[in-house]
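> Residue strings, one per chain:
There are 2 protein chains.
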Amino acid sequence: MEFFYAHEISAREVFLDTDESAHCVRVLRHRTGDEITVVDGLGTMMRCRVTDDSPKGVSAEILESFPGWGGHPYSLTMAVCPTKNNDRFEWFVEKATEVGVDRIVPVIGERSERRVFKPERSRKIALSAMKQSLKACLPLVEEPIPVKDFILSPAVEGDSPYLRPFARIGSRSDREQEGLVASTAVNEIKLICYCFEGETERRSIEDVLREVPEGSDITVMIGPEGDFSPQEAQLAVENGFIPVHLGPSRLRTETAAVTAATAVYLHFMK
Amino acid sequence: MEFFYAHEISAREVFLDTDESAHCVRVLRHRTGDEITVVDGLGTMMRCRVTDDSPKGVSAEILESFPGWGGHPYSLTMAVCPTKNNDRFEWFVEKATEVGVDRIVPVIGERSERRVFKPERSRKIALSAMKQSLKACLPLVEEPIPVKDFILSPAVEGDSPYLRPFARIGSRSDREQEGLVASTAVNEIKLICYCFEGETERRSIEDVLREVPEGSDITVMIGPEGDFSPQEAQLAVENGFIPVHLGPSRLRTETAAVTAATAVYLHFMK
Numbered sequence: 025m026e027f028f029y030a031h032e033i034s035a036r037e038v039f040l041d042t043d044e045s046a047h048c049v050r051v052l053r054h055r056t057g058d059e060i061t062v063v064d065g066l067g068t069m070m071r072c073r074v075t076d077d078s079p080k081g082v083s084a085e086i087l088e089s090f091p092g093w094g095g096h097p098y099s100l101t102m103a104v105c106p107t108k109n110n111d112r113f114e115w116f117v118e119k120a121t122e123v124g125v126d127r128i129v130p131v132i133g134e135r136s137e138r139r140v141f142k143p144e145r146s147r148k149i150a151l152s153a154m155k156q157s158l159k160a161c162l163p164l165v166e167e168p169i170p171v172k173d174f175i176l177s178p179a180v181e182g183d184s185p186y187l188r189p190f191a192r193i194g195s196r197s198d199r200e201q202e203g204l205v206a207s208t209a210v211n212e213i214k215l216i217c218y219c220f221e222g223e224t225e226r227r228s229i230e231d232v233l234r235e236v237p238e239g240s241d242i243t244v245m246i247g248p249e250g251d252f253s254p255q256e257a258q259l260a261v262e263n264g265f266i267p268v269h270l271g272p273s274r275l276r277t278e279t280a281a282v283t284a285a286t287a288v289y290l291h292f293m294k
Numbered sequence: 025m026e027f028f029y030a031h032e033i034s035a036r037e038v039f040l041d042t043d044e045s046a047h048c049v050r051v052l053r054h055r056t057g058d059e060i061t062v063v064d065g066l067g068t069m070m071r072c073r074v075t076d077d078s079p080k081g082v083s084a085e086i087l088e089s090f091p092g093w094g095g096h097p098y099s100l101t102m103a104v105c106p107t108k109n110n111d112r113f114e115w116f117v118e119k120a121t122e123v124g125v126d127r128i129v130p131v132i133g134e135r136s137e138r139r140v141f142k143p144e145r146s147r148k149i150a151l152s153a154m155k156q157s158l159k160a161c162l163p164l165v166e167e168p169i170p171v172k173d174f175i176l177s178p179a180v181e182g183d184s185p186y187l188r189p190f191a192r193i194g195s196r197s198d199r200e201q202e203g204l205v206a207s208t209a210v211n212e213i214k215l216i217c218y219c220f221e222g223e224t225e226r227r228s229i230e231d232v233l234r235e236v237p238e239g240s241d242i243t244v245m246i247g248p249e250g251d252f253s254p255q256e257a258q259l260a261v262e263n264g265f266i267p268v269h270l271g272p273s274r275l276r277t278e279t280a281a282v283t284a285a286t287a288v289y290l291h292f293m294k
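Read top to bottom, the protein sequences are chains V and X.
Here the first sequence is numbered in our numbering, starting from 25 and rising by one per residue.
Here the second sequence is numbered in our numbering, starting from 25 and rising by one per residue.
Okay, chain V solo, but in the shape it has when bound (with noise of 0.2 Å):
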């Protein structure tokens, strides 16, 4: 089974890029006739019959439509302080697509070693991530901002289709509706991953998300390697983030975001 992602939709076909399209006719052999398995990146995968096999711009017909499709009953955003390697937090960025993420935030901390990132290749990254996992909706991945203004910035509803499960999704502006809706519904919760040394009052993840009910809107915000300034780590803790922890094992930035996209996916697991 093999996902397209399709850039442009109208009511009744769908587009793809020069890219997919050439993916399609000149790798997968598909020609006018075929059916194809299209995702919107929004959260809809649509069995289409190709009309067109034109390697520079596939075009194909909508045959039925899934709203909400490879979905998960929570929104997450992760807040990740990007790595001095980049390989690593685009590893990341992978691993939290196939497991399930909605948002990615790179956040530049006070003690962040690389202090700029371009978040293109995340993105293509993010794309073929949700494609090859089977997936509908295409994590955001924002770009940088200083942790502090993270912390300081109002909750955005998490660009999720998934909120509220079963929720049917049409246009992209019935789903933003359907967010705004959500977004005032929906339980919001807020974490900080903390190893700062002697610091007591973490509870471990685990405990904190036992209280997590499903359709919650869930942020986790990850340090860099040289963790938090304890003033980014007050005023998050101010500003409603619960300090948590990952457990007795010291994990690598990109290592602990992954965890905790692992632990929010695990505790939804029926």
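No wet-lab data here; the hints were simulated from the structure.
For chains that are exact copies, the list does not tell them apart, and a pair is met inside one copy or across any two.
List of simulated lysine-lysine pairs, DSBU-like, C-alpha gap at most 30 Å: (1) K148 with K108; (2) K172 with K108; (3) K148 with K172; (4) K214 with K108; (5) K214 with K294; (6) K142 with K214.
Put chain X on the given structure of chain V with help from the hints.
This is chain X only, laid out in the frame that chain V set:
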């Protein structure tokens, strides 16, 4: 904080090999009289004082020993089919070591595309991940064996000094005796993560882990990109493996392996 690995240990002294010695003396510029932290790879961390700062072979006097350092209250064997792309398997080895694993068995399935695997590189990665994550016990990376042979192999008591919390471990032989004692005492549980289409009798790994007590000897088997063959899955079930799934996400082999190891780690988190 930096850990060094000692290949050779006497009652009162530790000896670093040439790589560790060069790192200790040339890179970190330790000199005779300095205090360094050394692990034996068998679960014991030692505070030591350098007695010979030769970059070819550092020796140090043991000041204090901490057995059962950086451990976990279970023993975990991960039997995982090597991935087509070696980097992905090695990434699993690194992450599983950070989170906590005792034994890694590369298993070759009927549908494995990679049928040859050399463990040397993975052993180096496990060693540096052990030191980086401040653990004292080096996961065993075994030689590859066929899935069916692994299923039929007699249970090995987990090569973990942590099977019984707070166990005090001295020499290797003491530990092996403890291991033998433990192996008869501990609860053994074997899981096979199986994605086979139409398979209906699987429970989620979370559901199964709820029944697993501390001190258990846990084995998790993860198949190749093409999954286990029905024959392999049947043989596993006939030999006491519980078929489990890892939730709704379709995960790559190495992601499934790390997710399973993380599920065990999180299950025992207070």
